[in-house]
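Participant: The listed protein sequences derive, respectively, from chains A and B.
Residue numbering for the first sequence is 76 to 377, as defined by this note's numbering.
Residue numbering for the second sequence is -14 to 251, as defined by this note's numbering.
Bear in mind the hints are in silico, worked out from the structure with no lab data behind them.
Hints are not guaranteed to be accurate.
[Stated by the list, open to error] Listed next, the in silico SDA-like pairs over lysine to any residue satisfying Cα-Cα at most 25 angstroms (straight line): (1) B:K248 - A:V157; (2) B:K248 - A:G111; (3) B:K248 - A:L200; (4) B:K150 - A:G111; (5) B:K248 - A:A191; (6) B:K248 - A:I199; (7) B:K248 - B:R167; (8) B:K150 - A:F195.
[What the hints assert, rightly or not] Simulated restraints, written as ranges between beta carbons of each label pair: (9) A:V359 - B:A237: 36 to 44 angstroms; (10) A:S283 - B:A85: 51 to 59 angstroms; (11) A:R219 - B:V240: 31 to 39 angstroms; (12) A:S192 - B:A46: 37 to 45 angstroms; (13) A:G196 - B:P34: 51 to 59 angstroms; (14) A:N242 - B:A237: 34 to 42 angstroms; (15) A:V170 - B:A237: 34 to 42 angstroms; (16) B:A70 - A:Q286: 54 to 62 angstroms.
Note that the structure is predicted; figures quoted are calculated from it, not measured.
Backbone N, C-alpha and C fix where the C-beta goes; we use that ideal spot for every residue, glycine too.
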Amino acid sequence: MDETVRAVSSRSRVAVMSVETRRNFGTVRVPAGLNGLLPALILIMLFFVIPVLALLLRSVTEPEPGLQNYAALLGDGTYARVFFNTFLVAALVTVATVLVAFPVAWMLAIMPSGLASIIFGIIILSMWTNLLTRTYAWMVLLQRTGVINRTLMTIGVIDHPLPLINNLTGVTIGMVYIMLPFMILPLVGTLRAIDPMTLRAASLCGASPFQAFRRILVPLSLPGVAAGGLMVFVMSLGYFVTPALLGGTSNMMLAEMIAQMVQSLLNWGLGSAAAFILLVVTMVLYALQLRLVGARRTSGGI
Amino acid sequence: MLLDYDRMGWLRVALLGFTALVAGFLLLPVVFIVLLSFGSSRWLAFPPPGWTLKWYQELFADPAWLNAALTSARIATMTAILAVAIGLLASFALVRGRFAGREILRGLLLTPMVLPVVVFAIAIYAFFLRLGLGGTTIGFVIAHTVLALPFAIIPIATALEGFDKSIEDAAIVCGASPLEARLRITLPSIRIGIFSAAIFSFLASWDEVVVAIFMASPSLQTLPVKIWGSLRSDLSPVIAAASSLLVGLTLALMVMTALLHRKFRT
């Protein structure tokens, strides 16, 4: 037995050596395998990094060199409102998403797999359905004469249609709808990784279910909640489509303002300065999220 | 106890009820839009007074919709091919390469996924205006490939990390050239990753709205741009018909993915 193991291992060592030898005599590869990165790097440098840097440059050169665009953005009450609104919506959406997603992820983590796969199917279907399709559906559902208002009026809950669209309510509903899968799916992983024994131990030691929930389940799932919540917050900050269609003029968000400055007002200086602010905030929060997730690496294993 | 499905008592009932409610919330717009597309009311009254196919007839009678769909399909196909090819090469380097700055390069290649699309959209719009690529198919494909690349790299690199490289080495020891070993041993083994990459990058382009709004010209419109334009003017039921076809496409893609996953596993 021992003999065969040794024989196999020495054979495989030979194999590995010969592979190494072949590699050394193969084509000249400066750092092993870097060639493969070239097409991707050229694409990203030429059509991502350079355009974005060029845009940021415009924020300090147009209409004339200087920081006047940033001064205008940060000094003006109208723009301050947009910044405030953006953070308000992102925060609201994040809190609502976490609160709704947690119980669902909890159930999904422990449910029998047959039932769970139906729920997963529904989540994937909603996530993969065209973004505009989903937003259009909410526009129709939430409008003054929409199904939701009519149903509520028929039941007798309300006398007059509620303003559900073109305001904060509409944006929040639409955005929570879009963000839910991004919160539920990673959270299921976090909750599945918790050893059920820790909770059984808690209850054996006399903890009530509520105590076990507050002092065991919540703290253990907090890293997942924080990472997912931060991701939802970052995505919401820069969201364009849903706020533009479901929001109102009085609560415009940053992304929509940037698009408007460039597209309608042709004010590239101001637009790119606002874009730069959005970029910095996003990247700082993203770095924070990466740190939170830490060694466990986000983005599916790589 | 809290993580034991069979011993949760009333809590399980409450949580299951809530989960069902959320599932209903997630399903509501999708089902609603499909029902609406067959309703006869132009004013989107629901439940509809009668059922009809006229919105589909109107949709197919308007060449602008068909053209937009074909344009989207063309751009998304080219994007998927490019993103998978570039992503495949990059993934090999990222997973197997050992060089300084690998983490930084990986981060750089995944940044387009994180940066708010509106920032990239106005940046590439300005850049292409200068290069004369605005409103061209090639411009669309390049911009969408940048956005789709992370969605191609992530599944391929994940699959590649799960693949035991010694199998490839064994093939080389047995006389295969390194290229042959990669093509005939490694690629078939990571095909689920490659397949997911193709679907994700296709969808990344097919559903992309923000860059498309800036890049589109009157003569070159993708489907999302066409829907966007219609949404801003009125909420016509024709959009519901187009949306329902998109839901159908999503379902088809999901079924295809599930079937292929099953086939690859056995």
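Participant: Quick one: are A:S192 and B:A46 within 37 to 45 angstroms, going by C-beta?
Facilitator: Since A:S192 and B:A46 have Cβ atoms about 40 angstroms apart, the given range 37 to 45 angstroms holds.
Participant: Using the C-beta atoms of B:A70 and A:Q286, is the stated range 54 to 62 angstroms upheld?
Facilitator: With Cβ atoms ~55 angstroms apart, the hint holds.
Participant: Does the structure keep B:K248 and B:R167 at a Cα separation of 25 angstroms or less?
Facilitator: Holds, at about 22 angstroms.
Participant: Is it true that A:S283 and B:A85 lie within 51 to 59 angstroms of each other by Cβ?
Facilitator: Given range 51 to 59 angstroms: holds, Cβ gap about 54 angstroms.
Participant: Has the hinted range 36 to 44 angstroms been met by the Cβ atoms of A:V359 and B:A237?
Facilitator: holds, 40 angstroms
Participant: For a C-alpha distance cap of 25 angstroms, please report whether B:K248 and A:A191 respect it.
Facilitator: Distance ~21 angstroms between B:K248 and A:A191 Cα, so the pair holds.
Participant: Can the restraint linking B:K248 and A:V157 be considered satisfied, given a maximum Cα separation of 25 angstroms?
Facilitator: The hint is violated at about 51 angstroms.
Participant: Given the hinted pair B:K150 and A:G111, is their alpha-carbon gap at most 25 angstroms?
Facilitator: holds, 17 angstroms
Participant: Is the hinted pair B:K248 and A:L200 satisfied, with a Cα-Cα distance of at most 25 angstroms?
Facilitator: Given pair B:K248, A:L200 holds - Cα atoms ~21 angstroms apart, limit 25 angstroms.
Participant: Regarding the pair B:K248 and A:I199, is the alpha-carbon distance no greater than 25 angstroms?
Facilitator: holds, 20 angstroms
Participant: Regarding A:N242 and B:A237, is the given constraint of 34 to 42 angstroms on their beta-carbon distance met?
Facilitator: For B:A237 against A:N242, whose Cβ atoms are near 36 angstroms apart, the range 34 to 42 angstroms holds.
Participant: Kindly confirm whether 51 to 59 angstroms is satisfied by the beta carbon distance between A:G196 and B:P34.
Facilitator: violated, 32 angstroms
Violation of the numbered hints given earlier is confined to hints 1, 2, 8, 13; the remaining hints are satisfied by the structure.
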